[in-house]
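Using the sequences plus the hints, can you model the full thing?
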Amino acid sequence: MVVTSEEIADLVQLRRARDRIDRDYAQPLDVPAMARAALMSPAHFSRKFRAAYGETPYSYLMTRRIERAKALLRDGTSVTDTCVAVGCTSLGSFSSRFTEIVGETPSQYRARDHSHLEVVPACVTKVVTRPQRHAKGTEQDRRSEGGDGRRTVSA
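Going by the numbering used here, the first residue of the sequence shown is number 1, and it counts up by one from there.
If you're looking for bench data, these hints aren't it; they were derived computationally from the structure. Every residue, glycine too, gets a C-beta built ideally from N, C-alpha and C. Keep in mind that the hints are not guaranteed to be accurate.
Listed next, with one range per pair, are the computed distances between beta-carbon atoms [what the hints assert, rightly or not]:
hint: 1; residue 1: S90; residue 2: R36; range: 22 to 30 Å
hint: 2; residue 1: S59; residue 2: R112; range: 21 to 29 Å
hint: 3; residue 1: T105; residue 2: D24; range: 24 to 32 Å
hint: 4; residue 1: D113; residue 2: D19; range: 32 to 40 Å
What follows is the structure in structure tokens.
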């Protein structure tokens with residue numbers, strides 16, 4: 001696969017925007033602001049970001065916010081203070097998104113005993129568990145499929 005200089009430039013700009021999201025997750029960020037960091041139009045940025053990272057820019061931002069919220073809640077911060085600290089402006093939207101991603105409400109998560117957990121950030125989990133994409137019919141594709149058609153991981 002040949003990567004063009006334009007694609008490399010796009011990836012550099014996308015990484016710049018992703019780094020801004022990671023750094024400024026608690027600031028008011030929207031897709032146009034993120035797109036400006038990548039020097040792209042909002043629509044082009046959204047398409048390229050999703051293709052490169054497997055999720056929309058907004059979804060990536062909310063994942064960062066929820067990861068940080070989990071850490072604050074484990075430390076005993078109130079749900080309202082956590083919501084504000086991670087950059088969410090609506091407690092209802094924050095709680096709904098938290099519940100969607102984590103599987104329990106922020107209050108339930110905060111009340112649970114977390115002393116036994118070893119925390120692995122979701123971004124690491126997503127990279128490790130993300131399915132690999134190969135062009136259909138390539139040699140790599142044939143080597144990675146088992147007899148039942150499911151993908152297997154090879155070292």
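Going down the list of hints, with the structure as the test:
no.: 1; hint: S90 with R36: 22 to 30 Å; in the structure: holds (24 Å)
no.: 2; hint: S59 with R112: 21 to 29 Å; in the structure: holds (25 Å)
no.: 3; hint: T105 with D24: 24 to 32 Å; in the structure: holds (26 Å)
no.: 4; hint: D113 with D19: 32 to 40 Å; in the structure: holds (34 Å)
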